[in-house]
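There are 2 protein chains.
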Amino acid sequence: MMHSVTAKAPSSTANLGPGFDVFGLALDAFYDTITLTKQKSGITIITNDSIPISPAKNTAGLVVQYMQKKFKVKSGVQIKIKKGVPAGFGMGSSAASAAATAVAFDKLFGLKLNGNTLVECAGVGERASAGSIHYDNVSASVLGGFVIVRTKPLDVIKILPPSDLRLVVAVPKMIVPAKKTEVSRSVVPKQVPLSNSVTNLSNAAAIVAGFVQKDSELIGRSIQDVIVEPARAHLIPGFGSVKKNALKAGALGVTISGAGPSVISFATKKSNLNKIANAMKKGFASAKTDCTVVICKPSSGAKTI
Amino acid sequence: MMHSVTAKAPSSTANLGPGFDVFGLALDAFYDTITLTKQKSGITIITNDSIPISPAKNTAGLVVQYMQKKFKVKSGVQIKIKKGVPAGFGMGSSAASAAATAVAFDKLFGLKLNGNTLVECAGVGERASAGSIHYDNVSASVLGGFVIVRTKPLDVIKILPPSDLRLVVAVPKMIVPAKKTEVSRSVVPKQVPLSNSVTNLSNAAAIVAGFVQKDSELIGRSIQDVIVEPARAHLIPGFGSVKKNALKAGALGVTISGAGPSVISFATKKSNLNKIANAMKKGFASAKTDCTVVICKPSSGAKTI
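Quick note, the sequences are listed as chains D and B, same order. Take 1 as the starting number for the first sequence in UniProt numbering and just add one per residue. Take 1 as the starting number for the second sequence in UniProt numbering and just add one per residue.
Please note: incorrect hints may appear among the correct ones.
The list treats identical chains as interchangeable, and a pair is accepted whether it falls inside one copy or across any two copies.
Said to hold, decoys possible - Computed cross-link-like contacts, BS3-like style, restricted to lysine-lysine with a CA-CA straight-line distance of at most 30 Å:
(1) 158 x 270
(2) 152 x 270
(3) 275 x 152
(4) 244 x 152
(5) 269 x 152
(6) 40 x 281
(7) 57 x 74
(8) 248 x 152
(9) 303 x 214
(10) 269 x 70
(11) 158 x 269
(12) 297 x 158
Simulated from the structure, these hints should not be mistaken for laboratory data. In this text the structure is predicted, and so the values were computed from the model without any measurement.
Sequences are here, hints too, so could you generate the full structure?
What follows is the structure, given as structure tokens:
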């Protein structure tokens with residue numbers, strides 16, 4: 001009988017410009033690793049990272065609590081967490097922990113859950129960081145690839161990205177406020193002009209067509225957001241320069257990764273990715289901000305290792 | 001040398017629920033037929049239908065005027081128009097005339113224009129009826145199949161629909177106001193809650209995925225619009241009953257066709273299409289309105305015959 005399972009789950013980018021709260025894409029830039037081990041009772045969290053270790057305040061802890069209850073699992077669980085995804089930078093850090101936990105729990109207790117159920121379970125973990133449940137990052141982190149999230153009821157569509165798609169992520173070195181996601185959400189307008197809604201919808205539709213038809217150029221030129229990005233840009237030092245520089249260096253599209261402050265460029269393997277990376281670095285430098293730049297590609301989903 | 005060309009173009013449905021001003025789908029329900037014949041000079045319009053015959057007020061006339069100028073064509077043109085698409089019912093009637101005209105003109109003068117240019121030329125004809133240019137119907141009517149329209153710049157993406165997709169269109173017998181499109185547009189809110197924008201975008205994204213992945217069920221269950229349909233429903237007698245009845249009879253999704261008042265049900269060839277048609281008829285009858293019901297499927301685009 002299985003005693004311990006380790007799973008890893010990838011980072012992810014949400015929104016992809018116009019697809020606020022709907023689109024997610026798993027990225028092989030960073031991974032979280034979670035090891036679940038059966039124990040007599042209760043939930044114990046072990047980690048060297050500076051995250052809460054109370055199960056009720058920890059992403060992985062919340063997922064285990066929820067799955068224990070939902071699937072009537074009596075066993076206690078020790079959770080060992082190794083963070084690889086930087087927390088609070090719009091790279092789906094809590095989603096990665098939640099996704100890896102759900103997949104490890106499923107395997108440890110032989111539940112054989114389907115993708116939608118794993119997403120639902122992992123989504124519970126998002127509450128710890130985001131305050132409310134959003135499925136864009138967790139869906140990508142659990143299932144891998146590009147995802148479209150419909151809710152009421154939860155209905156996640158997964159699409160395999162084009163194999164030539166490449167991304168350049170710039171993660172600025174800055175102090176992220178404790179309630180970053182709430183702040184980022186608070187600046188987004190509650191009401192939007194219908195014309196903006198139509199513009200974003202047409203771009204989002206084109207992005208979906210690009211993913212299904214494996215057309216990275218179409219994806220790139222459709223990464224245009226007239227609602228959320230303009231409202232959030234001021235939260236990111238030098239965003240305008242980062243974007244302008246990256247486009248000039250050949251990026252097909254540039255936008256904020258999730259709630260930010262990371263900025264993501266869309267390109268193909270034929271692009272000069274190092275040139276784009278340097279251009280983004282210079283953009284942040286112009287606002288006296290250092291950044292880490294990662295060239296990456298779409299990732300498969302969470303899996304046991 | 002060619003002296004005369006006849007082209008026919010299909011009816012179309014715009015919006016498909018959430019895709020206001022972005023989505024169009026060509027339907028083989030009805031066709032307009034346009035014959036262009038070279039003449040010494042000027043534009044002459046011949047028709048037995050009750051439509052304006054002044055070129056500046058006639059859809060086909062506007063397209064010919066525009067294309068003569070744009071492509072420096074000196075020859076005069078006689079335009080013979082045979083309407084098959086009912087005008088003013090949300091079935092893309094003016095778009096069909098415009099599409100057939102653009103395609104016939106292209107052939108008659110050997111221009112060999114590409115799809116985007118034909119769409120742009122046909123779009124000019126929409127001004128005659130809609131007051132402003134919208135490319136959803138004309139794109140579908142010119143190119144056939146399912147289209148996603150991005151503007152600024154015009155960028156139309158065409159997708160071949162699933163072969164099992166079937167539609168049931170109910171065209172109510174009612175007096176349509178002369179400025180129907182303007183009225184229908186005036187009731188649509190100028191500002192929308194972001195949450196509604198997100199809901200429509202997620203449904204629209206799923207519709208695109210459904211078309212590309214040839215999944216009629218996914219298309220059908222994503223035909224859900226929380227912005228335009230609720231605002232326009234009151235303009236259509238018995239809309240609530242028509243929709244409820246059709247869904248009960250097995251339709252996968254039901255919405256207003258374009259600016260209405262036609263109502264369209266999405267189904268597959270396995271659905272009981274006659275049952276859906278009768279259910280829609282009963283829905284209109286409950287509001288003391290008769291209707292014509294057409295069972296149809298996606299169409300290819302405008303072509304010379």
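Discussion item. For a quick check of understanding: which of the numbered hints are violated here, in increasing order?
Written reply: 6 and 10
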